[in-house]
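Sequences listed follow chains A and B, in order. The first sequence lines up with residues 1 to 200 when you count with the numbering used here. The second sequence lines up with residues 1 to 462 when you count with the numbering used here.
Everything labelled a hint here was simulated from the structure, so no lab data went into it. Glycine is no exception: its CB is placed at the ideal position from the N, C-alpha and C atoms. Keep in mind that a hint or two might mislead.
[Unchecked claim] Now the in silico label distances, taken between C-beta atoms and shown as ranges:
#1 A:P147 - B:W291: 53 to 59 Å
#2 A:G174 - B:K423: 51 to 57 Å
#3 A:W167 - B:N111: 31 to 37 Å
#4 A:R89 - B:L87: 57 to 63 Å
#5 A:V172 - B:L445: 45 to 51 Å
#6 A:R89 - B:W376: 33 to 39 Å
#7 B:I48 - A:V151: 24 to 30 Å
#8 B:I79 - A:P86: 39 to 45 Å
#9 B:W43 - A:P86: 48 to 54 Å
#10 A:G135 - B:G384: 28 to 34 Å
#11 A:V172 - B:G324: 38 to 44 Å
#12 B:I290 - A:P86: 31 to 37 Å
#13 B:I79 - A:K196: 29 to 35 Å
#14 B:I79 - A:G135: 23 to 29 Å
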Amino acid sequence: MPSAPSIPAALRAASRRAALPLWAGALALTLLLGFPSVLVANGKDTAMTKAVGANTAELELGEGAALMGDNRVLLTLHDSMGMPVPGARILMSVEMVQDQSMSMDMGEKPKPTLLAADPASPGSYLGSANFDSTGDWTANLEFVFAPGGPVEKASFSFEVTELASNWIILAVFGFLMVVTIVAAAALRSRQGTIAKGAEA
Amino acid sequence: MSDPAIRKKPAARPLQGPAFNLLDIPAFRRLVKSRWYPGVIAWPTLVIFAFITWELVMGPLKAHDNFGTALTWVLWWPILPIMFLLLGRIWCAICPFGTINDLVQAFVGNNRPVPRFLKRYGIWIIDAIFMLITWSDHLWGVVENPLNSGILLLLITLGVVVSGAFFERRTWCRYLCFLGGLSGNYTRGGIIGLSATPGICATCTTQNCYKGGEVPGCPMFVFPKTMESNADCNLCGNCVKNCPNGSIRITTRLPSQELWFVRNPQLPVAFLASVIMGIVFVQNITMLNIWESILAWFESALGISWYPLAFSIAFLVLMAIPVGLLFGASALAARANGKAVLENFARFGYAIIPLDMAGHIAHNLFHLLAEGKAVWFTGLSLFGKGIEGPTSLVDAGTIQVLQYGLVVLGALASIYTAWRLAKSSAGLPARKIATFLPLAVLMLLFAAANVYLFSIPMAMRM
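Here chain A stands alone, though its shape is the one from the complex (with noise of 0.2 Å):
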């Protein structure tokens, strides 16, 4: 009659078995968490371009992504030749999209703000907005390209985000890490407690 296997070697090849489903759950795993979180990351590119008259404004606001809080302000226009447009008059005010069926008008505008020509950049212009809440918002602008020209209107919708969500990726991974480590080192001591046994 043959004799049954010692108990390490049964885990060796328990864990042999082991091995294939591990790898390929550990696999799945990552492409599951990690791709569509790369999809979701590259949303956020807030750098946005309209056609107003005969000129081109191209709008980007933040450091790539429009946050909570101050923001920088980037307008670029640039003519049907591509070439930049200096000394235009712009003016831009911000404001939350609101739910039709949630607001009620309080007759309140919010205050338009002057952007300033860029001595540094010809046709580029600056200037700050405050984001006070995440969700969507508009930016409404009005171009003077000339003195005592007509004044043309362009509004931008974008999204506000906050910056806490990388913080969520960086526990997502952690975490993940942890629990790795934890069931690793349960193993371990596992099998350190079985081949003492066996010995015993």
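Since the structure of chain A is provided, determine the placement of chain B on it from the hints.
Chain B in isolation, oriented as in the chain A frame:
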């Protein structure tokens, strides 16, 4: 002896050509044998890595302003292939992922044997991951998006933690790291090689180099006595420290020399070599005006209006072109040398490696030299000193001349490698030439494509 790495294998042939043993230099020998090596470089690298990951995830969202992006994609990534050429796979000895692996292993490691399927299909998985990362970069932006770059680093770190926690040695680095696959391929063409002295190893009874002694055995599962390639050696020096007989040599060799003597060519290595050529094409062709027309044609021909799907199909087609061309050249060569087409594919795929490396260095030379000052600018911005200005270190013309020069050198090395491989695979002189010709044409075609693509202005990362 039970470990498959150290049984049933004949001793490797000694390195050929002019070889100078760097371990004969007392200071170098002391450094490699020191307990501080490679930790004295690896630990600071880990600290810098932690900072970079933090900066990528929590720092400025625009690549232009992110110090982590500048350090990773403007400095580290372009220097890496140059390191592989000049210093072998030494990066892997100081890589932060390797250090994390060792750290996790030391505290909670279960040291299970490498799963059999990884040993068998590891390089294929590396090939697939390499393509997947390039594909996702084009679709969603990894290089140009600091957060996505940070997520990529975190994903790799998670994989390394899992590997270090459950499996022995550096399973991740050897069988799963996409960068390891790339570095392995490039190291074959590098000018530094580690080898054992067959005469000394023949009488060795300890095999400490593999099993461990003074320090752990080879982390990369390499047994120096039987190693035929430096692709998996990370020059960590463990074998030098452990060998009681002074058998290990770290020698200089001619660029691409190892490739001339391939004895057991592996299909996935050849496949990766041609895939890297495809990646160079994808990286460059997506910057051309014709790219939009190609995509539009795909969309109308296949009736697809969803960009990710259309791009994915176009991407696969572009990646398949160099693979298909190599297959065609191998089939023509097979008529002359009488070998199987796949056998030729595996063997002659190695000849592409020097051109791959040259193309890779040339491509990244642009980022290093045209955007190099971005490292300085973004570094200063951490201290509130915002500087804007041209980021180039040299003018565009100089960079282009260097790029063309590198491609020409790479092409010469590839053609010569193809000749050596053709010579060793065919019998009669006429057959050698007939075997070599389709491969030479292929290398010239790849070189011409590279030169054309480098003649077109490239997009900046920063």
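Status of each hint after checking the structure:
1. Distance hint check for P147 of chain A and W291 of chain B: the Cβ-Cβ separation is about 44 Å, which falls outside the suggested range of 53 to 59 Å.
2. Checking the proposed 51 to 57 Å range against G174 of chain A and K423 of chain B shows it holds: the Cβ atoms sit about 55 Å from each other.
3. Checked against the given bound of 31 to 37 Å, the beta carbons of W167 of chain A and N111 of chain B, roughly 34 Å apart, stay inside it.
4. At roughly 59 Å, the beta carbons of R89 of chain A and L87 of chain B sit within the given window of 57 to 63 Å.
5. A beta carbon spacing of about 46 Å between V172 of chain A and L445 of chain B agrees with the range 45 to 51 Å that was offered as a hint.
6. Restraint check, R89 of chain A to W376 of chain B: a C-beta distance of roughly 37 Å satisfies the suggested window 33 to 39 Å.
7. With their beta carbons about 53 Å apart, I48 of chain B and V151 of chain A fall outside the hinted range of 24 to 30 Å.
8. One distance hint, 39 to 45 Å for the beta-carbon pair I79 of chain B and P86 of chain A, holds here, with the actual separation near 41 Å.
9. Taking 48 to 54 Å as the suggested C-beta distance range, the pair W43 of chain B and P86 of chain A conforms, at roughly 53 Å.
10. Between G135 of chain A and G384 of chain B the CB atoms are about 31 Å apart, so this pair conforms to the stated range of 28 to 34 Å.
11. V172 of chain A and G324 of chain B have their C-beta atoms about 41 Å apart, which keeps the hinted 38 to 44 Å range intact.
12. The given range of 31 to 37 Å is respected by I290 of chain B and P86 of chain A, whose C-beta atoms sit roughly 35 Å from each other.
13. Hint check: I79 of chain B to K196 of chain A, Cβ distance near 49 Å, so the stated range 29 to 35 Å is violated.
14. Our hint of 23 to 29 Å for I79 of chain B and G135 of chain A is violated, since their Cβ atoms are close to 43 Å apart.
Of the hints listed earlier, those the structure fails to meet are numbers 1, 7, 13 and 14, in rising order.
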